[in-house]
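*Asks:* With the hints as extra help, turn the sequences into a complete structure.
The lines below spell out each chain.
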Amino acid sequence: MDSGAGTSADHIEQAPLPVRVRKGAKSNRPRSPPAAAQTRCSTKCAPASETQKPDEAQDPQHRPWEDLPVDILGVVVGRLPLVEDRARLRSVCRAWRAAARLYRRPPPPLPLLVLSDFSFASFCAKGTLSGVRRHVPLPERETASAGSIRCVGSFEGWLVGVEFNKGRYFGDLRCFLMKAFSRDVLRLPPPSAARPFDAYSWSLPVVNGSGVMNFNAGPCVMSFCKVVLSTSPDSGSKCVAVGISIIKSAAKLAFWQSGMKWWCVCDGDCITELVDIAFCQGKLYMLSNNEFTTDLFAFEISEDNNGLMVSRVEGAVVELPEVADNIYQTWSMVEWRGKLLIVATYSGDTEFGFMIFQVRVFEGDLSTNPVGFTEVQNLDGDCIFISPCSSKSFRLCHNDGAQEDLIYFVHGNLCPEKFVYNVKNGMMKRLAAVGSEDKFWAADGMNAAWLFPTE
Amino acid sequence: MAAPESGDGNNGAARMVTLISSDNTRFEVEAAAASLSQTLQLTILDGGGGGGDGIPLPNVDSATLSKVLEYCIKHAPAAANGGAPNATAVDRAELERFDNEFVNIDQSVLYSLIMAAHNLEIEGLQSLVAKKVADMIKGKSPMEIRRTLGFPDPTPEEQAEMNAHMLEYGWAYE
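Protein sequence lines correspond, in order, to chains Z and Y.
Using my numbering, the letters of the first sequence map in sequence onto residues 5 to 459.
Using my numbering, the letters of the second sequence map in sequence onto residues 46 to 219.
If you are wondering where the hints come from, they were derived from the structure by calculation, not from laboratory data.
Cβ coordinates follow ideal geometry from the N, Cα and C atoms, glycine included.
There could be a bad hint or two in this list.
Unchecked claim - As a list, the in silico SDA-like pairs of lysine to any residue whose alpha-carbon atoms are at most 25 Å apart:
1. Y:183 x Z:139
2. Y:183 x Z:89
3. Y:185 x Y:166
4. Y:185 x Z:108
5. Z:183 x Z:211
Claimed, not checked - Only part of the chain Y face toward chain Z is listed, based on derived beta-carbon distances under 7 Å:
6. 142
7. 143
8. 156
9. 163
10. 175
11. 176
12. 178
13. 179
14. 190
15. 191
16. 207
17. 210
18. 211
19. 212
20. 214
21. 217
*Replies:* This is the structure in structure tokens:
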């Protein structure tokens, strides 16, 4: 009879009760391997088997949520826009940790804003930023000479760090790529180094423009203020890094590709005041001001026996429309769906004081000289994140922390400013941060990079 | 008038189907509402569920099924309009209000609902419950999540694993 008082738990286990895997699991028994969750969830609808008996729900040892099919858990994770919430969810139990490797990739989480000292802010509810309290942990080897490491760029989940040499004028000592929140570090050649005499060099005329670009792997003293990557270092394809170095107002561009022992340094009379660099469709684009014009240069990158090789440089004059009352403007470049966008901000005296009063977005047509520009009126639902050290366009789906067609700016060129611009309706609003704002600008300069962590 | 034989229920009254829960309760519901379930839609298109037959759903108990059908009945008109581009703002606000209240329920009921939505392939319901669960998780520590979702206290072994994971992802904690 099954109603015997004092029946031991083991007896119950043998009773003809529903046979879900976890049914008989006792707390003192090792949990069955997480793989069980995987096989079960692949059944989409199994009407005939696996009936959930009502008494199962009353079993105190039954853990329904832990058994949540992997693909449902994936849907829940997709509804968590913050990378922190996703990490905390994985801490909950072993089955959920295991599931994280199995479910279909959920929409990417919202980016984090990493400041030059590797402290970071993240989005909170309603699109505001959290205060800056936490740091991206730095690998031990890179922090040996603590205090002088700063962040100068990012690509997806990777950050670019440099160690600078007390005074910036002496150049950076080291440069490394680091996958944030993991221990993956990739060391790049030192930005400042004496180099071998057999270093090669070459020159290229600027197609459609005037002047010559000189490339050499000779000795250099560089201090990077921004480094961009062509692709993720763990993507499997060759990763090219390009840095802007500015020392005593002398600007240089430096190229590196996996395997190279030295930076390939580019200078030329056309590089006078570097505005921004960005990769688009495999080419590197550089915006540069000189006395009279602003030029856009496209660098075609190929490979030869010595490693990376810039095989062609094309130049074109940039003439963007004038905006009334504009006193100061900034230009940022970003790749959006294979197109090169220039995002311009215009600042001037307004009734609220000196501030950015207009933002315009242009798509560059590089087949003409001057470069043809079409104003972009909507981003087709995408968002763009712009910061001094990295910019990226990004699809936000199912993330209720942010809306569509927005440009998130963190600008520090003139006065520190964080704001959100809606491309569709032209509205601009401050990107508020919780708590003290001081920390955002206390660190060295205004450098900040958006980080797009992958899980 | 020679009405076509097909489409039994074309004369004003909507076609009804019968669903049978795991505990043998019969639910009669409009085919349009039941068809929000991709799984049921196929059966219904094949002419199943009508008359005295009924479609057995051995995975869903009656309490859950009645909740699921409450959702389907409310959402069926909007779904029939193909995502309802011409729905008024009032209609949409009313659906949103309904949805918010609908998932304002105990976690164990949410669990049964999301499992049923998954098995019956009702995408809107699955997504609604997933969002509710995500909202319950947001900003919480792993222990708080466990409490919210009715996990039992972790065994020492589980606790050690949790601690190790939390240490590794220390940046995610304030």
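*Asks:* Take the hints in turn and mark each one as holding or not.
*Replies:* Structure-based check of all given hints:
1. Y:183 x Z:139: The given pair, whose Cα atoms are some 21 Å apart, holds under the 25 Å limit.
2. Y:183 x Z:89: It holds: about 6 Å lies between the C-alpha atoms, which stays within 25 Å.
3. Y:185 x Y:166: 29 Å, violated
4. Y:185 x Z:108: Holds, at roughly 24 Å.
5. Z:183 x Z:211: 37 Å, violated
6. 142: 17 Å, violated
7. 143: Violated. Min distance 19 Å.
8. 156: 5 Å, holds
9. 163: For residue 163 of chain Y, the interface hint holds, since the closest Cβ of chain Z sits about 5 Å away, which is under 7 Å.
10. 175: 4 Å, holds
11. 176: For residue 176 of chain Y, the interface hint holds, since the closest Cβ of chain Z sits about 5 Å away, which is under 7 Å.
12. 178: OK, holds: residue 178 of chain Y within 7 Å of chain Z, min 5 Å.
13. 179: 3 Å, holds
14. 190: 5 Å, holds
15. 191: Holds: closest Cβ of chain Z sits about 6 Å from residue 191 of chain Y, inside 7 Å.
16. 207: Given a least distance of 5 Å, the restraint on residue 207 of chain Y holds.
17. 210: 5 Å, holds
18. 211: 5 Å, holds
19. 212: Since chain Z brings no Cβ nearer than about 10 Å to residue 212 of chain Y, farther than 7 Å, the hint is violated.
20. 214: 4 Å, holds
21. 217: 4 Å, holds
When the structure is compared with the earlier hints, violations turn up for hints 3, 5, 6, 7, 19 and for no others.
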